[in-house]
Structure formats: structure tokens, C-alpha cells
Amino acid sequence: MPQIPYKNYVVAASAVSVLTIAVVILVNGLLPPQVPIFYGLPESEEQLAPTLGLVIPGTFALAICGLNVLAAMFLTDEFLKKTLIASSLVAAFFAAVTTLKIIWLIH
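Numbering (my numbering), first residue to last: 48 to 154.
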């Protein structure tokens with residue numbers, strides 16, 4: 048099995064993503080039935096999603112982490128491997144910040 052650099056980053060990125068999803072599930076009852084999540088859309092009800100839609104950023108970050116680890120297993124260039132793994136942590140961080148800011152905005 049190929050070596051994955053920065054294994055701690057992979058663990059941290061996965062943990063942050065799972066924790067973000069868990070927070071959304073735990074505070075689900077405290078939030079309104081619809082939350083603003085799709086900010087790229089015009090101002091209307093199209094920006095709103097059900098409360099559980101807040102798991103989208105965490106799930107997306109978890110998928111990015113998995114895909115980056117999978118890609119890093121097949122690459123030979125160490126720099127690219129390290130860049131992919133580090134970007135997984137960055138994606139998890141931004142997903143967590145986005146989700147928490149939305150929760151604080153509406154709570």
C-alpha cells in the first residue's frame with residue numbers, strides 16, 4: 048500500500064468534517080425549518096434549504112478528503128501528495144466555518 052503523507056492531516060480533516068455534520072444533527076431541533084445555504088443564487092426562496100441541508104458542506108469536505116487520499120495513493124510526486132492532503136484539511140476547515148457561521152447567523 049502506498050504511503051500517504053501527513054496522515055494526521057487526513058485524520059484531522061475527517062474529524063472536523065464529521066464533527067461539523069454531528070453539530071448540525073445535534074442542533075437540528077433548535078434551528079428553523081429552512082436555512083440560507085445557497086448564497087450564489089438570487090435572493091429568493093431558492094437560497095433556502097431544509098435544516099439538514101447544512102450537512103452538505105461537511106459531507107462535501109469529507110468527500111474531498113476521500114478523493115484526495117485516493118488520488119494521493121496513485122501519485123508518485125511527493126509534493127502533489129502533500130498538496131492534496133493539505134487541501135483536504137483546508138476544505139474541512141472552510142466547510143466547518145461556513146456551517147457554523149450560518150448556524151450563528153440564524154440562531
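The hints are simulated quantities; they were obtained by calculation from the structure and are not laboratory data. Any given hint could be a false lead.
[To be verified] Derived pair list, reagent style DSSO-like, types lysine-lysine, alpha-carbon separation capped at 30 Å:
| id | residue 1 | residue 2 |
| --- | --- | --- |
| 1 | Lys-129 | Lys-54 |
| 2 | Lys-54 | Lys-148 |
| 3 | Lys-129 | Lys-148 |
To see whether the hints hold, each was checked on the structure:
Note on Lys-129 and Lys-54: the hinted pairing holds, with a Cα-Cα distance of about 10 Å set against a maximum of 30 Å. This hinted pair checks out: Lys-54 and Lys-148 have alpha carbons roughly 28 Å apart, not beyond 30 Å. A hinted pair counts as satisfied when its Cα atoms are at most 30 Å apart, and Lys-129 with Lys-148 qualifies at roughly 29 Å.
Comparing the model with each earlier hint shows no violations; every hint is respected.
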